[in-house]
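K.L.:
Given only the sequences and the hints, what does the whole structure look like? Please build it.
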Amino acid sequence: MNLETKNAVLETLARLLAENKQQIIEANQKDVKACSGDDAVILDRLKVDENKVEKMISAVEKVIELENPVGKILYTHLREDGLKIENRTVPFGTILIIYEARPDVAVEAAIIALKAGNRILLKGGKEAKNTNLYLCVLWQKALEQNGEDINFVKYLDISREEARELIAGNREKFDVVIPRGGETLIDFVLKNSKAPVIVSGRGNNFAYIDREADFEMALEIILNGKSRLSVCNALDKVLIDEKLPDLEQKINQIVNALHSQSIEVLGDASVHYVNPSVRLFGDEAIWFEEFLSAKMVVAVVSNIDEAIEKINKYSGGHSATIITKNSETAEKFLNEVDCAAVFHNASTRFTDGGEFGLGAEIAISTQKLHFRGPLGVQHLLTNKWFGFGNGQIRK
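In the numbering used here, the protein residues as written are 559 to 953.
Keep in mind the hints are simulated off the structure, nothing from the lab.
Just to be clear, a hint being listed does not mean it is correct.
[What the hints assert, rightly or not] Below 25 Å or equal to it, Euclidean Cα-Cα: the simulated DSS-like pairs (lysine-lysine) are:
#: 1; residue 1: Lys699; residue 2: Lys687
#: 2; residue 1: Lys610; residue 2: Lys620
#: 3; residue 1: Lys731; residue 2: Lys942
#: 4; residue 1: Lys749; residue 2: Lys591
#: 5; residue 1: Lys749; residue 2: Lys681
#: 6; residue 1: Lys605; residue 2: Lys731
#: 7; residue 1: Lys630; residue 2: Lys579
#: 8; residue 1: Lys883; residue 2: Lys868
#: 9; residue 1: Lys588; residue 2: Lys681
#: 10; residue 1: Lys684; residue 2: Lys610
P.N.:
Structure below.
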């Protein structure tokens, strides 16, 4: 599929999303009503309103504007015998993505895959079945209206057992799989997939308030980090330098600000001593946990080295931020923290394909191969070697 056709399909999809906005919301309301319990996190992921549809349309429009990532020459070499060697970007082929109760993935993941020339198999969570199916109907209309195979974007409405068979390569052929879900799903895919796996892992993101921090800025960044609970770029841990001026007063300010937002604060002994309303935790497992809920750990560290050590030991390798006026301290943190995205004086909530200028994202990779962090159009590619000769043979 050439660039003009890909963009034509995406333009048609954007129009269909706008024209069928109410039908999308109605399909989603069926899923919301069927969702058991009152889990605010699941409902936040699941719910599609007018604003979410507008964000889907905006993502499509931004991806249309991106240049064609396919066919870029990465390397070229002309041999003495005249044989020309080129290394170019090419699509993976077919991508399988398994994702949780987030129906907007059916749009964002597929627009990224299609722009990069890939087919995509979508296996969404059962909670969003009605929304996913309707969005994929729109996808197929967009493809059909542009004379393309409607299975370029295919939704897999299959059981858990059938999904297991799929992952093991016994149902459909795919070239790479992206599991977006809990550790159980990721672990199963890693152990059973015959195809390469791109891990979209857990968050468990950290903020470090340095002794030279602008404290008002730090407070704002912390609260922003919890502005949405269901997202992988949410903040879970706050580390405070013990030499921060007026430490006890500032611990209380952080705790009170979080409590005012109905966020439970768990603390180490230092924080609990200053503010007994903070629940003391002694279990190391808390440090590894991605909460996806209204919880925050606040703890005191002796210096930046201890902060970096803790982040590298306990975080999910997703995002971390330092708040400091000292540029050298910031540079040390940014270089030594082992996360996909690191920030200086900014919220971890910016770790997002759209916010990074990618248009959208298919996932946020927390592994180091082949790409790390938000994966956009230019990352869903592999490379291929091309040779152009006129009869050369190797002697």
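K.L.:
Are the hints correct? Go through all of them and say.
P.N.:
Now the hints, each set against the structure:
1. Lys699 x Lys687: holds, 19 Å
2. Lys610 x Lys620: Distance ~15 Å between Lys610 and Lys620 Cα, so the pair holds.
3. Lys731 x Lys942: holds, 20 Å
4. Lys749 x Lys591: violated, 35 Å
5. Lys749 x Lys681: Within the cut-off at roughly 18 Å; holds.
6. Lys605 x Lys731: Answer violated: Lys605 to Lys731 is near 32 Å, above 25 Å.
7. Lys630 x Lys579: Between Lys630 and Lys579 the Cα gap is close to 36 Å, so the pair fails against 25 Å, i.e. violated.
8. Lys883 x Lys868: holds, 22 Å
9. Lys588 x Lys681: Cα-Cα ~19 Å, so holds.
10. Lys684 x Lys610: holds, 19 Å
Against the hints set out earlier in the document, violations occur for numbers 4, 6 and 7.
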